[in-house]
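K.L.:
Sequential numbering of the sequence shown, starting at 16, is according to the working numbering.
Just so you know, the hints here were simulated from the structure itself, not pulled from any lab data.
We put the beta carbon where it would ideally sit given N, CA and C, even for glycine.
Treat the hints with care, since some could be wrong.
With a straight-line Cα cutoff of 30 Å, these simulated DSSO-like cross-link-like pairs (lysine-lysine) come out [stated by the list, open to error]:
hint	residue 1	residue 2
1	Lys31	Lys78
2	Lys57	Lys17
3	Lys57	Lys29
Label pairs and their calculated CB-CB ranges [what the hints assert, rightly or not]:
hint	residue 1	residue 2	range
4	Ile102	Asn39	26 to 36 Å
5	Leu35	Lys78	13 to 23 Å
6	Ile103	Lys78	39 to 49 Å
7	Lys17	Ile103	48 to 58 Å
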Amino acid sequence: FKDAMHEEMQGHLKNKNFVLHDTNKFPNKHDILPDIWDMKRKHHVSTGEIYKWKEHINIDGSKQIKDVHYTLSYSHVIQWETLRLVIILAVSKGWPALQVDYVQAFPQAPVERELYMRYPPGIEISGYDKDKYVLKIINNIYGQVQAGKVWNDYLINKLKQIGFLQCEWEECLLVRRNTLYIL
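Produce the complete structure using the sequences and hints provided.
P.N.:
Right under this line is the structure:
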């Protein structure tokens, strides 16, 4: 897990999902949220052999305070009726259908307000004394109470910018020129 943790941190720093912030210049130390690691082993189905060690650094959302660290925390969910209707349309009209999974979706959206997270123990970055830094969160990361809503708002806004219209009665249905449907 140690190598996977290091790789995860380097990826976040490289993508500027968070930046190091000097604790001496930090205005309010009680607003530093704890980090939490999500650790998983990926196994081959046939042999059970571990082929990948996965790590995700998360904010401990259980320590977030409403109206201090976030405002709203919901995210829209498509109605089953809408999903079934679009699948029926696709099948009856011979339209192609594709399911897409956004890899590292949440960090693509900027945070909605200023957040700081404790620098995770066990990770060294050359040239920095980790005890003197916290992480200022720049892009949405997993674990935040509001992460799903922030990502959804960001995605909807980007789709609208490229010509999609959002359905009035089903917020999770977007259509472009009546030929491309996104659920």
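K.L.:
Holds or violated: 48 to 58 Å for the Cβ distance of Lys17 and Ile103?
P.N.:
holds (50 Å)
K.L.:
Lys57 and Lys29 were given as a pair; does the straight-line alpha-carbon distance stay at or below 30 Å?
P.N.:
holds (25 Å)
K.L.:
Given a hint of 26 to 36 Å, does the C-beta separation of Ile102 and Asn39 actually sit inside it?
P.N.:
violated (57 Å)
K.L.:
Is the hinted range of 13 to 23 Å satisfied by the C-beta distance from Leu35 to Lys78?
P.N.:
Check passed, 21 Å falls within 13 to 23 Å.
K.L.:
Between the beta carbons of Ile103 and Lys78, is the distance compatible with 39 to 49 Å?
P.N.:
45 Å Cβ-Cβ, so the 39 to 49 Å window holds.
K.L.:
Please work out if Lys57 and Lys17 have their alpha carbons no farther apart than 30 Å.
P.N.:
holds (15 Å)
K.L.:
When you check the alpha-carbon spacing of Lys31 and Lys78, does it fall within 30 Å?
P.N.:
holds (23 Å)
Hint violations for this structure: number 4 only, all remaining hints satisfied.
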